[in-house]
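Chains A and B supply the protein sequences, listed in that same order.
Each residue of the first sequence is one higher than the one before, counting from 4 in this note's numbering.
Each residue of the second sequence is one higher than the one before, counting from 1000 in this note's numbering.
I should point out that these hints are in silico values taken from the structure, not numbers from a laboratory.
Please note: incorrect hints may appear among the correct ones.
Stated by the list, open to error - Listed below are the simulated EDC-like cross-link pairs for lysine to aspartate or glutamate, each with C-alpha atoms no more than 20 Å apart in a straight line:
{"#": "1", "chain 1": "A", "residue 1": "Lys-104", "chain 2": "A", "residue 2": "Asp-262"}
{"#": "2", "chain 1": "A", "residue 1": "Lys-156", "chain 2": "A", "residue 2": "Asp-206"}
{"#": "3", "chain 1": "A", "residue 1": "Lys-201", "chain 2": "A", "residue 2": "Glu-108"}
{"#": "4", "chain 1": "A", "residue 1": "Lys-201", "chain 2": "B", "residue 2": "Asp-1156"}
{"#": "5", "chain 1": "A", "residue 1": "Lys-337", "chain 2": "A", "residue 2": "Asp-249"}
{"#": "6", "chain 1": "A", "residue 1": "Lys-201", "chain 2": "B", "residue 2": "Asp-1215"}
{"#": "7", "chain 1": "A", "residue 1": "Lys-161", "chain 2": "A", "residue 2": "Asp-206"}
{"#": "8", "chain 1": "B", "residue 1": "Lys-1685", "chain 2": "B", "residue 2": "Asp-1675"}
{"#": "9", "chain 1": "B", "residue 1": "Lys-1206", "chain 2": "A", "residue 2": "Glu-108"}
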Amino acid sequence: MKSKWIALLLLVPLCAPAQTTYQSAQPGYRYEFPRDHFNHEGYQTEWWYYTGNLSSSDGHRFGFELTFFRQGVSREPSTNPWFVSDLWMAHLALSDLTGQKFYHEERLNRSGPGLAGVDEPSAQIWNGNWQGLIRPGEHDLSAVASSFQINLKLIPAKPPVIHGQNGISQKAEGAGHASHYISLTRLQTSGIITLNGKPYTVDGASWMDHEFFTGSMADTESGWDWLSIQLEDNSELMLYRLRHRDGTLDPYFSGTFIDPQGRATFLPLRDFTMTPAGDNWTSPRTKATYPERWHISIPKLSLDLDVTTPLREQELVATYGPSYWEGSVNISAKRAGAALHGLGYLEMTGYASPGQSVLPR
Amino acid sequence: MGRFTLLYRLMLRPLLQRPGRALLILFAIALGDAAVVAIDMAGDAAAGSFRSSMESFTGNNDLEITAAGGVPETIAAQLARLPLDLRLSPRIEDHATIVATGETVPLIGIDLVGEANGEAAQRLDQAGLRDPIQHINDPDAVWVAGALGKAVGEKIDLLINDQTRDYTVRGLVPDTAKLGGDAILMDIRAAQQATGKSGRVDRILIKTPRSGSFDDWQRQIRRALPAGIMLSPQGSATAANRRMLAAFRWNLRVLSYIALLVGAFLIYNAISVSVVRRRADIGAVRALGASRNMVLSAFLLESSLFGLIGSLAALPLGRLLASGAVGMLSTTVNALYVSSTAGALRITTGSVLLALIAGMGVTLASALAPAREASQVPPTEAMARGRREYEVRIERHRDALIALILAVLGAVAAQAPEIAGKPLMGYLAAMLFVGASALLTPLVVHAVTFAGAGLMRRLMGVEALLACRSLGGSLRRTSVLVGALATAIAMMTSVGIMVGSFRQTVLTWMDAQLSGDLYLRPAGALNADQHPTIAPRVAERIASVPGVESVARFRAYEIEYQGLPATLAGVDIDLHRREQSLSFLSGRPPVDVLRELAAGDNALVSEPFANKHHVKAGDTITLPLGETRPTFRILDIFYDYGHEAGYILLARQTMLKYLPNPAPTNLAVFLKPGADLESTRAAVQKAVAGSDLLILSNAVLRREGIRVFDQTFAITYALEAISILVAIGGIAGALLSIVMDRRREFGILRFLGGTGSQIRKLTLVEAGLIGLLANATGLALGFVLSLVLIYVINKQSFGWTIQFHWPVTVLLSSLSLVYVATVLAGIAPARIAVRLNPIEVVHEE
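Based on the sequences and whatever the hints tell you, model everything.
Written as structure tokens, this is what we have:
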């Protein structure tokens, strides 16, 4: 789940007759890899997003996020490369968990003569010098920010997971309010993080989401809370819930459980609860208040999880669209009474400026 | 004796009694100094603070990437993907003419999406571009400065290259965004489309991180660039143009110092006269115990006061003159150098200092000799007169010898090469010649008055004889007067001859150069650095018009060569054409040279280019073109008087090899023998309908060329006028003081039976004689100086070969004007001389 809606907010005036030009996410979509790791021009909105928890050999802990967004603007034919068919946005964040500091940058580009884009033949996705190389057995990420750089090698340990049912992840009531949503839930990660000129050799695990759809938002929704969890027993969880403006929760919230062998189980609303459990943090910059402790209960899997964060301030303050909190979290779980630990990423949107229409997952 | 008494007797009393003399000195200081201040101020506004109009909306960057003919846009992407934390701003930079006003303004295309990133986003925000992305794919969207007086949503007709279209104002950029006056902003894609620069951008600005070494960043970026792409500090085009304009400003400044120099002669004269007049007072105060030093300091103090007041008066006067000059200057800068908008005129600390230093410096320097002379006055000699005059007479031969030495030194200095690109030795030569002439003046005055006295008597009677004798008698005063006026006249004459010769040379050159029958260019402005293009198909259409024999395409690009701006041009070569339009320094037949030019990587350069960059036929030059760095052999150097920065000329086919854009910037149309000009012109007009092109006949283009030339030299004429005005004003005052000095003589003449009209005649003949002597000496000196100007100063500063030519009409009329003015300047003193009461003046002393 991402702040993809930021791009949408930015572009709402541009893409009025979206449905006539773009296709919508429909049930029965046949996924094929590596093709589906790359661009789907027929859909208006698409994103690729990597998060991960890493640590150096001397125990220095980091969280990172690198996200590429694409938003279709026009599908008119044009020979001029500067013509804006798509806008490309990207977010890059580094959580120095040991040093208790959060760094983030954002970026907006047009495709131009090669400023940003996705290219299947060369397996590249990039926005300026933030780039990913998506090869079947390995994803390479590199990105340069003003005070840090990341150069990471990510090896998928499990096959791609398709979320939702019948190839679509429903976001709200009604056809078309859905997306195609793919995850690589465990990417063994190693590489170098350079922070303020100092290189750290790191390893750990990352998570990649890739989603594409056309205009799937419902305007009554105000934000969402999303979690990716990697447990030490080699299983993973993805959960999200959608909030309405009136404070109620949307019935279309769900999750996926991936067992150590990579088998995915769809978790509909009735199978779990996901509730804020205090530890509220108020952002000094946006004045938004985020619940930074969560409790999750999945009776079906005899699983109870407590989510806390090692760094309170992991809010991305965005120039365009609303700001959101996205950060590394610690998981302490109990499965059938036995303690189980894990790491994850938590995203909370719609707190900074409630009332604006957002895109549901 | 108290200091105050001394001051009162020597300074205040004469000042109160004769305020006219003080006013004269002040006038000379103020006007001469004002000319210097005005040129400095106007030069600053028009050229000094020159910032390329293309620096609009650039923000604060460190480096820029440019290439002749534009940077391939893929370079922007390559740089964006380097693992370096750079901020990149690719830009289209061109010009648009606002159809409604005819004003040509910079047209800037920026990546409105990329500019929304990071720090740049704040700039967009400050610039009022809050939601530019809403109009991102709209090819008609423009953002304009508030100064243009347009409202959001309003249409604006713009002529870009040869196409007029209406654009829609999508936002107003407040002046605080430093868009640069009235620039027009577009998205890069719309700008690329409007200017026809597909595949290329004009410049990529780069902001490097503060951390790390700047040289390191520069090295890393350079490594990623192809050979033909230039990486330089931001604004190097501005710097290059500044360097070029510096020479222009320097010469202009020197010209303005002439006015001050003429002023100096007059100050010297006025103060000498006042010293002579106060000899009695000096003698008296010396007799009362004042030391020599006290007298010296009193006179110097007086001069400093004059200098101070005159300089202060020069400031507002200079500001006034500058407001007239700045328009002329910026016309020149635009026509000859680079597009720019004149800045505001400001009296800065610098201009105040300049006025004070120049004004007081010149006053004190001019006063030094008379003040020293005053301090030498022994108490006993206070009443005696004429000793100094005697001294001058006996030292004439020594002066003549010094004059000869100065003239020889001047001739030697004139042979020396330039120093640091400036014709310093040329100026030194001119100064030496002026000095020589000043020293020779007493000799000339003496010889003429001595030898001419008899002739004068026969021609004009006894009054003329007396006038002649009196001039020769008060040689020192007379020769300073004649010297001052002669110097002013010499300046006028020399500049007149130089400009006249230049004009004639340009006319002759245009005859040879403009061999086409019709010339076409886009309808916008015509600044030296603007090269709007014509759609490529236009040339083909014209070629198929009946009556047209051939069309020659000319394509110009503004480039930078060795830190200086230059124009790179490609021309169609047609060896079968009846006349070829270039003439070469080597004198080789154009057809031979052009055949070689067409044969390969060869180039021709214009004379100013060759002089500026010290290249000659047979040398090679390496130019960054496209992505490569080809080397061209210089075949020959051609005469050109149209473009000071200079041309590098290639065959069109050679140029297209490196810069493939086929759009020409100018077309020359040659008619078939016997084709009717007017009907063919009408047919051509019809063939190019849909493009906004100016079609100029050969004759009109020639007229336009000479109009631009005259406009360019308008400022020169204005400066000369100021010098002459200073001189004539000075003459009037000086004649007046001569009359006052000789009151006793006039009184005695009246006692001896002289009538009022005889006295008047005497005075006017003196004025006329001064004018005549000054005109003759000035003309001679002017001729010498014009040689220095044409063959040394002009050649070294601008690199133009000018054929010497006497502009007879201009010279005759201006010399007569000066002569008449001198005689008229004698009228008021003559009146005063007539009105003197003989009894009173004879008894006065």
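Hint check results:
A C-alpha spacing of about 33 Å is found between Lys-104(A) and Asp-262(A), which places the hinted pair above 20 Å, so the restraint is violated. This hinted pair checks out: Lys-156(A) and Asp-206(A) have alpha carbons roughly 9 Å apart, not beyond 20 Å. Between Lys-201(A) and Glu-108(A) the CA atoms are separated by roughly 19 Å; this keeps the pair inside 20 Å, and the hint holds. For the hint linking Lys-201(A) to Asp-1156(B), the alpha-carbon distance of about 56 Å lies beyond 20 Å, and the restraint is violated.
Among the hinted pairs, Lys-337(A) with Asp-249(A) is inconsistent with the structure: their alpha-carbon atoms are about 33 Å apart, more than 20 Å. Of the pairs offered as hints, the one joining Lys-201(A) and Asp-1215(B) holds, with about 19 Å between alpha carbons and a cut-off of 20 Å not exceeded. This hinted pair checks out: Lys-161(A) and Asp-206(A) have alpha carbons roughly 17 Å apart, not beyond 20 Å. Between Lys-1685(B) and Asp-1675(B) the alpha-carbon distance is near 16 Å, which keeps this suggested pair within the 20 Å criterion.
In summary, the hint linking Lys-1206(B) to Glu-108(A) is supported, as the alpha carbons are separated by about 17 Å, within the 20 Å threshold.
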